[in-house]
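S.K.: Given next are the chains, with one letter for each unit.
Number of protein chains: 2
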Amino acid sequence: MTAFPADLEACFAARDAQFLDDLFAFLRIPSVSARSEHNVDTQRAAAWLHERLARIGFAVETIPTAGHPVVLAEWRKAPAGAPTIVVYGHYDVQPPEPLDLWTSPAFEPTIRDGKLFARGSVDDKGQLFAHVAALETLLEVRGALPVNVIVLAEGEEEIGSEHLAPFIEAHKARLACDGVVISDSSMFAPGIPSILSSLRGLAYFEINVRGPASDLHSGSYGGAVVNPAMALARILATMHDADGHVVIPGFYDAVRAFPPNVIAGMRKLPFDEEHFRQEVGATALGGEPQFTVLEKLWTRPTCEVNGMLSGYTGEGAKTVLPGVSMAKVSCRLVPDQDPAEIERLMKAHVASVAPKGVTVTVTHLHGGKPWRADLEGPLFEAAKVALESAFGRAPEVTGEGGSIPVVGDFERILGVPVLLMGFGLPGENAHAPDEWISVDNFRRGMRAIAALFEQLGAAK
Amino acid sequence: MTAFPADLEACFAARDAQFLDDLFAFLRIPSVSARSEHNVDTQRAAAWLHERLARIGFAVETIPTAGHPVVLAEWRKAPAGAPTIVVYGHYDVQPPEPLDLWTSPAFEPTIRDGKLFARGSVDDKGQLFAHVAALETLLEVRGALPVNVIVLAEGEEEIGSEHLAPFIEAHKARLACDGVVISDSSMFAPGIPSILSSLRGLAYFEINVRGPASDLHSGSYGGAVVNPAMALARILATMHDADGHVVIPGFYDAVRAFPPNVIAGMRKLPFDEEHFRQEVGATALGGEPQFTVLEKLWTRPTCEVNGMLSGYTGEGAKTVLPGVSMAKVSCRLVPDQDPAEIERLMKAHVASVAPKGVTVTVTHLHGGKPWRADLEGPLFEAAKVALESAFGRAPEVTGEGGSIPVVGDFERILGVPVLLMGFGLPGENAHAPDEWISVDNFRRGMRAIAALFEQLGAAK
Numbered sequence: 256m257t258a259f260p261a262d263l264e265a266c267f268a269a270r271d272a273q274f275l276d277d278l279f280a281f282l283r284i285p286s287v288s289a290r291s292e293h294n295v296d297t298q299r300a301a302a303w304l305h306e307r308l309a310r311i312g313f314a315v316e317t318i319p320t321a322g323h324p325v326v327l328a329e330w331r332k333a334p335a336g337a338p339t340i341v342v343y344g345h346y347d348v349q350p351p352e353p354l355d356l357w358t359s360p361a362f363e364p365t366i367r368d369g370k371l372f373a374r375g376s377v378d379d380k381g382q383l384f385a386h387v388a389a390l391e392t393l394l395e396v397r398g399a400l401p402v403n404v405i406v407l408a409e410g411e412e413e414i415g416s417e418h419l420a421p422f423i424e425a426h427k428a429r430l431a432c433d434g435v436v437i438s439d440s441s442m443f444a445p446g447i448p449s450i451l452s453s454l455r456g457l458a459y460f461e462i463n464v465r466g467p468a469s470d471l472h473s474g475s476y477g478g479a480v481v482n483p484a485m486a487l488a489r490i491l492a493t494m495h496d497a498d499g500h501v502v503i504p505g506f507y508d509a510v511r512a513f514p515p516n517v518i519a520g521m522r523k524l525p526f527d528e529e530h531f532r533q534e535v536g537a538t539a540l541g542g543e544p545q546f547t548v549l550e551k552l553w554t555r556p557t558c559e560v561n562g563m564l565s566g567y568t569g570e571g572a573k574t575v576l577p578g579v580s581m582a583k584v585s586c587r588l589v590p591d592q593d594p595a596e597i598e599r600l601m602k603a604h605v606a607s608v609a610p611k612g613v614t615v616t617v618t619h620l621h622g623g624k625p626w627r628a629d630l631e632g633p634l635f636e637a638a639k640v641a642l643e644s645a646f647g648r649a650p651e652v653t654g655e656g657g658s659i660p661v662v663g664d665f666e667r668i669l670g671v672p673v674l675l676m677g678f679g680l681p682g683e684n685a686h687a688p689d690e691w692i693s694v695d696n697f698r699r700g701m702r703a704i705a706a707l708f709e710q711l712g713a714a715k
Numbered sequence: 256m257t258a259f260p261a262d263l264e265a266c267f268a269a270r271d272a273q274f275l276d277d278l279f280a281f282l283r284i285p286s287v288s289a290r291s292e293h294n295v296d297t298q299r300a301a302a303w304l305h306e307r308l309a310r311i312g313f314a315v316e317t318i319p320t321a322g323h324p325v326v327l328a329e330w331r332k333a334p335a336g337a338p339t340i341v342v343y344g345h346y347d348v349q350p351p352e353p354l355d356l357w358t359s360p361a362f363e364p365t366i367r368d369g370k371l372f373a374r375g376s377v378d379d380k381g382q383l384f385a386h387v388a389a390l391e392t393l394l395e396v397r398g399a400l401p402v403n404v405i406v407l408a409e410g411e412e413e414i415g416s417e418h419l420a421p422f423i424e425a426h427k428a429r430l431a432c433d434g435v436v437i438s439d440s441s442m443f444a445p446g447i448p449s450i451l452s453s454l455r456g457l458a459y460f461e462i463n464v465r466g467p468a469s470d471l472h473s474g475s476y477g478g479a480v481v482n483p484a485m486a487l488a489r490i491l492a493t494m495h496d497a498d499g500h501v502v503i504p505g506f507y508d509a510v511r512a513f514p515p516n517v518i519a520g521m522r523k524l525p526f527d528e529e530h531f532r533q534e535v536g537a538t539a540l541g542g543e544p545q546f547t548v549l550e551k552l553w554t555r556p557t558c559e560v561n562g563m564l565s566g567y568t569g570e571g572a573k574t575v576l577p578g579v580s581m582a583k584v585s586c587r588l589v590p591d592q593d594p595a596e597i598e599r600l601m602k603a604h605v606a607s608v609a610p611k612g613v614t615v616t617v618t619h620l621h622g623g624k625p626w627r628a629d630l631e632g633p634l635f636e637a638a639k640v641a642l643e644s645a646f647g648r649a650p651e652v653t654g655e656g657g658s659i660p661v662v663g664d665f666e667r668i669l670g671v672p673v674l675l676m677g678f679g680l681p682g683e684n685a686h687a688p689d690e691w692i693s694v695d696n697f698r699r700g701m702r703a704i705a706a707l708f709e710q711l712g713a714a715k
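Protein sequences appear in the order of chains A and B. With our numbering applied, the first sequence corresponds to residues 256 to 715, in that order. With our numbering applied, the second sequence corresponds to residues 256 to 715, in that order.
Please note: incorrect hints may appear among the correct ones.
Pairs of lysine to aspartate or glutamate, EDC-like flavour, derived with a Cα cap of 16 Å [unchecked claim]: (1) B:LYS573 with A:GLU413; (2) B:LYS611 with A:ASP496; (3) A:LYS523 with A:GLU550; (4) B:LYS611 with A:ASP498; (5) A:LYS611 with B:ASP498; (6) B:LYS573 with B:ASP470.
What the simulated footprint calls covered on chain A by chain B, stretch by stretch (three residues with Cβ under 8 Å from a Cβ of chain B suffice, anywhere in the stretch; the number is not a length) [stated by the list, open to error]: (7) 504–517; (8) 533–542; (9) 548–557.
Computed from the model, here is a short list of chain B residues facing chain A with C-beta under 7 Å [what the hints assert, rightly or not]: (10) TYR459; (11) LEU540; (12) GLY541; (13) GLY566; (14) LEU620.
No wet-lab data here; the hints were simulated from the structure. If you're wondering where the values come from, they're calculated on a predicted model, not measured in any experiment. The beta-carbon is built from N, C-alpha and C at its ideal position, and this holds for glycine as well.
Just chain A, with the same shape it has in the complex:
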């Protein structure tokens, strides 16, 4: 195991209270990107970050977009031949509501039991600031960074990052680099540093079924008119077999198996399926029986109903034969499934099973491609060493069932590997009241990031 450098450790220890104070100041700014009444705060958070990066020697620009601005900070004085690394993060946060469910106010950072509670603590201001603090420490202790660094912080991650991919495209030359590092994810469990190696993609649909021109009396018309709610139920029921396997023709055709060593690694992770079941609160778990829960969540595509509405849904009885019905249905995708192809397959399947007497339309609301890291090359090798030196344990390779579309955008547009090295933890309430980051993880995260840059500089 590579020991964590003593001089860096001394500096981190000396500045610990200062870094927490600085993070508190950043967290106190309610940069809720979704709310226009907070636009001034979102601007303030960008300005705070701009000023902070400028102070430690970065050349910083706050670049407007059609939405919230991008803070772009560059430090390019590394020795010739040193790699260039883009650090991505976001300075906007989720809305804090419902406010009454917060133990302490969302924008008044508070430490309890080793957890720093505040909106944005883990998602993503705390993790973004860990990068700033690591860079600051390296500059202070070493007088220079071992690599060229570009910090790119956006203010629209919580509202869909609409302007980010165009921004990367437009600044492609300036962002040319050897790798992208993102700390906006979680570790597998406390004490287990993690490299997140895969994300599922998404194809989200709305299915609308139209039957009679209006709601009808179910007594006067029932039995002679095709019921759009029942028709929708029958359509949805054709999407899986009894084992939870998706039976939309062609659905699995593009699925590329995960490497056996990655699967073997997942099977060795300390994961208790019974504990997961209890946490979920279901009487039994579901899905394809031949896979473990982690394989189901990280390596297998899904087809889920997200919402369903038809007819009378209030209290008691109303004898209506609904005129329309609607379902939201989304597929989580794994490499190399493509949202556009899944859209084609979904539409073809629904058309093939739709009964006569109703008109069924399938609308693709939005999609995102799945992503999987190669897990090879200097970026990942450096991350393994750095995480081990900061956490005292080799990292695990994990997956994620959700989607982070920007990851694929960076990889595709810049043509470089993306490293997802996050310091959150399960149960961190990222989009809920009482969001928190482990103070220990924040401290170890700063050190891991500093070690990462040192490793990358040494590996040049």
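Given the structure of chain A, go ahead and fit chain B onto it with the hints provided.
M.R.: Chain B in isolation, oriented as in the chain A frame:
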């Protein structure tokens, strides 16, 4: 054909304007039983009816119930051996909302194009008043009624007639009679007088599916947790085969076939299925292919989804794996299906198809038995002659897909036949804005009722 008696005709003609005026006065009272702010109006409507029946010589009592009162009016001076007939109707009306969809105000009766528009015009004040006017005319012209008559008018029909069956039970001896006549239904088509011979019953259920303890992120959990919305869809899809036949085991066991002559009569009715399809506004009709539309609606039981709700149903996409889902499902029943037995079958079926990982509950919200008239005996013979004399055409025997629970209550508690002889028409907007009754049907209806009593008196 029996000609309509000239002396009665002369009296009806002479009093035509007066009867319409009187009906207008009755309709102007907004006796909306569902709204407590209209309780004073509902009382006024009962009082109006009380006074009117007392004026023509009935012994009238307004009898309180736990809800709105029953007006009970008796005339028992018919010759010895004459039958006793109960006339049932209701003086309460549906709420008039949405008010802006009325062409003329709901409680300001207005005649346009031969239609009398007002809330309650056809359901049921207009039809109830036709009885009062017929009795008044008979008393005026003949000096007496040919039969003993008990008028029973309730004020809670539009809110479920909760206190009517107990009232009939409690006054069973006083209500002892040879038959019940109800005019609260529609004719098959303009110019075709109708005897309504069957009603479907009802068993109305709510199905609740509970999966995880709360809504989950569909990315982080999807694929390993049974989705309650998808589970509900799969349960609903097991209730029919592809032809619309209900496949809940035992569902049809108690169905008693309609007599071949009744089916033959239905097949001869002037009914255009393509016109029905256009009116409904569906691209095709549905249901069991071996039956005509009228047979499907009048003689076959159904299982319909009345409502369905789960997860996110707003605009756009939300990646939620819902914690719960709900469907309202109701079965229309035909003789001799029993709501309690259908409840047992539904619960057993749902339990047998419910997947592991979710908890499914089926709640029976309410039910009503199906009903079918024997169509034999003096009451029906008299009705045929009376309708023909008033409309110039023999009546058709029709069915109805909806339910009128009080019909079964009268038959069961009093042990006598019930005659459903209504004067509404298709499209009369009974529970909608612009409710109307055909003025011609109101006039012919009064005459048919008078003729019915004369026939019943003559047949004694």
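S.K.: According to a criterion of three or more residues whose C-beta lies within less than 8 Å of a C-beta of chain B, is the region 533–542 of chain A covered?
M.R.: Held - the region 533–542 of chain A has 8 residues with a Cβ nearer than 8 Å to chain B, which meets the minimum of three.
S.K.: Does the alpha-carbon distance linking LYS611 of chain B and ASP496 of chain A stay inside the 16 Å limit?
M.R.: At roughly 14 Å apart (the allowed maximum being 16 Å), ASP496 of chain A and LYS611 of chain B satisfy the hint.
S.K.: Using Cβ atoms only, decide whether GLY566 of chain B comes closer than 7 Å to chain A, and label the hint accordingly.
M.R.: holds (4 Å)
S.K.: With a cut-off of 16 Å on the C-alpha distance, tell me whether LYS611 of chain A and ASP498 of chain B pass.
M.R.: holds (11 Å)
S.K.: Given LEU620 of chain B was flagged as interface, is its beta-carbon under 7 Å from a beta-carbon of chain A?
M.R.: holds (5 Å)
S.K.: Does ASP470 of chain B lie within 16 Å of LYS573 of chain B when you go C-alpha to C-alpha?
M.R.: holds (11 Å)
S.K.: Given the proposed pairing of LYS611 of chain B with ASP498 of chain A, does the C-alpha separation stay at or below 16 Å?
M.R.: With a Cα-Cα distance of about 11 Å, the restraint between LYS611 of chain B and ASP498 of chain A holds, given a limit of 16 Å.
S.K.: Going by Cβ atoms only, is LEU540 of chain B closer than 7 Å to chain A?
M.R.: holds (6 Å)
S.K.: Against chain B, does the region 548–557 of chain A show at least 3 residues with beta-carbon separation below 8 Å?
M.R.: holds (count 6)
S.K.: Quick one, is the TYR459 of chain B hint okay against chain A at 7 Å, beta carbons?
M.R.: Status holds, d = 4 Å.
S.K.: Taken at face value, is the distance from the CA of GLU413 of chain A to the CA of LYS573 of chain B at most 16 Å?
M.R.: holds (13 Å)
S.K.: Check the hint pairing LYS523 of chain A with GLU550 of chain A against an upper bound of 16 Å on the C-alpha distance.
M.R.: At roughly 12 Å apart (the allowed maximum being 16 Å), GLU550 of chain A and LYS523 of chain A satisfy the hint.
Figure legend: structure checked against the earlier numbered hints; the only hint not met is number 7.
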